[in-house]
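Peer 1: Protein sequences appear in the order of chains A and B. Letter by letter, the first sequence follows residues 1 to 345 of the numbering used here. Letter by letter, the second sequence follows residues 1 to 345 of the numbering used here.
Note that these hints are calculated values from the structure, not bench results. Take the hints with a grain of salt, since some may be wrong.
[Stated by the list, open to error] Here are some chain A residues the structure puts well away from chain B; computed CB gaps all over 12 Å:
| hint | residue |
| --- | --- |
| 1 | Asn26 |
| 2 | Gly163 |
| 3 | Gly220 |
[To be verified] Result set (DSS-like, lysine-lysine): computed pairs, CA atoms no more than 25 Å apart in a straight line:
| hint | chain 1 | residue 1 | chain 2 | residue 2 |
| --- | --- | --- | --- | --- |
| 4 | A | Lys48 | B | Lys48 |
| 5 | A | Lys117 | B | Lys345 |
| 6 | B | Lys242 | A | Lys42 |
| 7 | B | Lys337 | A | Lys266 |
| 8 | A | Lys239 | A | Lys48 |
| 9 | B | Lys343 | A | Lys337 |
| 10 | B | Lys312 | B | Lys42 |
| 11 | B | Lys117 | A | Lys343 |
| 12 | B | Lys48 | A | Lys242 |
This one's a predicted model, so the numbers in the text were calculated from it and none came from an experiment. For each residue, glycine too, the CB sits at the ideal point set by N, CA and C.
Number of protein chains: 2
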Amino acid sequence: AVAPTVASAADLPTINWRLASSFPKNLDTIYGAAETLANRVKELTDGKFNIRPYAAPEIVQFNAVMDAVKDGTVEMGHTASYYYYGKDATFAFDCAVPFGMNSRQQTAWMLQGNGMKLMREFFAEYNIVNFLGGNSGTQMGGWFRKEIKSVEDMKGLKFRVGGFAGKVLQKLGTIPVQLAGGEIYTSLEKGAIDAAEWIGPYDDEKLGFNKVAKFYHYPGWWEGGAQLSFYVSKKEWDKLPKLYQAAIETATFEAHVQMQAKYDAKNPSALARLLQDKTILKPFPQSVMEACFNAAQETFSEEASKNAKFKKVYDDWLVFRNNQGQWFNVAEQQFAKFNFGRKLK
Amino acid sequence: AVAPTVASAADLPTINWRLASSFPKNLDTIYGAAETLANRVKELTDGKFNIRPYAAPEIVQFNAVMDAVKDGTVEMGHTASYYYYGKDATFAFDCAVPFGMNSRQQTAWMLQGNGMKLMREFFAEYNIVNFLGGNSGTQMGGWFRKEIKSVEDMKGLKFRVGGFAGKVLQKLGTIPVQLAGGEIYTSLEKGAIDAAEWIGPYDDEKLGFNKVAKFYHYPGWWEGGAQLSFYVSKKEWDKLPKLYQAAIETATFEAHVQMQAKYDAKNPSALARLLQDKTILKPFPQSVMEACFNAAQETFSEEASKNAKFKKVYDDWLVFRNNQGQWFNVAEQQFAKFNFGRKLK
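Start from the sequences, fold in the hints, and give me the full structure.
Peer 2: The structure is reproduced here in structure tokens:
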């Protein structure tokens, strides 16, 4: 569809939209992206295009944002596409895939590889136009009541973890459990679950997990860089004047940068505080990482063999992802290895 | 000054600006940021606000962009602030400082730390409002005719390298040389210089340095994440309608994201091609890195003791930079270390 053109800026219509966020306001870093976008779009349209964000679950449950946009309940959403992994594993490429890419690599694939093109094709079937909407960076592996020392320790572990990672971990005998954020603390405390992953230090600290499960394992190999996304109803998008389309599109970049910056600014001090309060920081053992990597590879192969949409995106994503490592291991990694451990004075 | 408000969008004026870029068009990744910005601003203002980018040295020499904006020769510029290190070392904090931050950390300091606030204060004295304008990521250490094996090898080395790094390297007896990009190849070939740093694989490949200096050392510890910047004449900025100010500001974020994404998408294949064509990739020896780190620390202390502006920014930047390492060494680094070296199939 072709967007209507306006003869002059004076013709710009007043438009009010609702944006359903998958996130509560206390996740200020993620939720804030919707506000960043809405404020900027308003400014860019002389106050005429108002997008009002609603925190979850005010008008839509956190994992129902995709359906709400698809069905036209709301014009816009802000969410993590891997919440819809259960509907189609292909959604995960718009967010994070186990042993996939980090934040910069994911953005590069989306914008300068074929990622955005492929995901737009995929989302079109859901009446959705997708945009970048932030990234958390590499997340933590989560909070464990007992230290994970071997692959054996993963067997029978009741672990609150999301869709794609859960599928991979089942191959190691782990029992993935689905729980809303608000239920995790009590379940961990009572021992109803043995472990739970959430996001990273800044968000995890608010929920107090360190009080009830002191082993903080890393990395969250299932989300090396979890991208958030804005969804716009395609039907509503096509009705917008070009200037309003441009306002939304450019504002998504601003929200994208600001979210990652906020996480990067806030996580370090949160981690330092957690370490002063019972938290024992431990990498996953190499053997566990290897076993998970192999299990992920099996899961990808199985999914690709039965889901042509998944395979189409995976084939492109795979080449891009495999091509990144050599270069990122050079300047970027060598600088990081030398520099992060050294303080200037 | 307060920006004029417009009664309605119909009042929006037609404005034509010139933007002087410090970069030639063949550096499409960096130069492209000015085009990204100009195109978006035009769209956002219904074609009324036209910013025309000029590649260097069409109207302004690459290292004269700051003066051109300050003096009102052009309304806008796109440049690397460390080009003006010779005028005041404080400029470097807006771009890259030896053993400073990587791309994400620099952005985080600017947007969610005190970086933008402090640099705006500093730039105000130059009649400039500064904005983010991209990042290259960690650059390479450069091309060397002979392999660097020890600190001793740095002594007497004629090295084409920029201001701040040159100052640091002088403490090791290195002789920094200033040369424009177009002069490097011939100087290296003739042995007039022993080494030269430029940017990274994608840009370096175009200049063919691998034909005349096969040792490609890394990392470029003097630019762990070199930020580019847009400059706007403060006088011109204050005259803009608020909507035009918003259009510029938001478009700078888009240009910022797109440049890093383009580098990240294009560097890997360029590195692979260079490695198939004579290039020998070598990290700087640990002893050299340590010596450079110590020399950088000395340089910072000397500069801070004689330049109050530098000290003011350094004191804030230092706390932020030192606070980043612990967290970045956890999830992000552990994921990188495991993941970058492993291919999925």
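Peer 1: Look at each hint and say if it fits the structure.
Peer 2: Hint-by-hint comparison with the structure:
Interface exclusion of Asn26(A) from chain B stands, the closest Cβ pair being 18 Å apart, more than 12 Å. The claim that Gly163(A) is not at the interface with chain B holds, since no C-beta of that chain comes within 12 Å of its own (minimum 19 Å). Not every CB of chain B is more than 12 Å from the CB of Gly220(A) (nearest about 6 Å), against its label as outside the interface. For the suggested pair Lys48(A) and Lys48(B), the alpha carbons sit about 18 Å apart, so the restraint of at most 25 Å is met.
Only pairs whose Cα atoms come within 25 Å are accepted, and Lys117(A) paired with Lys345(B) is accepted, the gap being roughly 22 Å. Distance check on the hinted pair: Lys242(B) and Lys42(A) sit about 12 Å apart at the alpha-carbon level, within 25 Å; holds. The suggested pairing of Lys337(B) with Lys266(A) holds, with an alpha-carbon distance near 23 Å, which does not exceed 25 Å. Restraint check for Lys239(A) and Lys48(A): the C-alpha separation of about 15 Å stays at or below 25 Å, so the hint holds.
Under the criterion of a C-alpha separation no larger than 25 Å, the hint pairing Lys343(B) with Lys337(A) is consistent with the structure, at around 21 Å. Of the pairs offered as hints, the one joining Lys312(B) and Lys42(B) is violated, with about 38 Å between alpha carbons and a cut-off of 25 Å exceeded. At roughly 24 Å between alpha-carbon atoms, Lys117(B) and Lys343(A) fall within 25 Å of each other, so this suggested pair holds. Distance restraint check for Lys48(B) and Lys242(A): the Cα-Cα separation of roughly 14 Å lies within the 25 Å cut-off, and the hinted pair is therefore satisfied.
The earlier numbered hints that this structure contradicts are 3 and 10.
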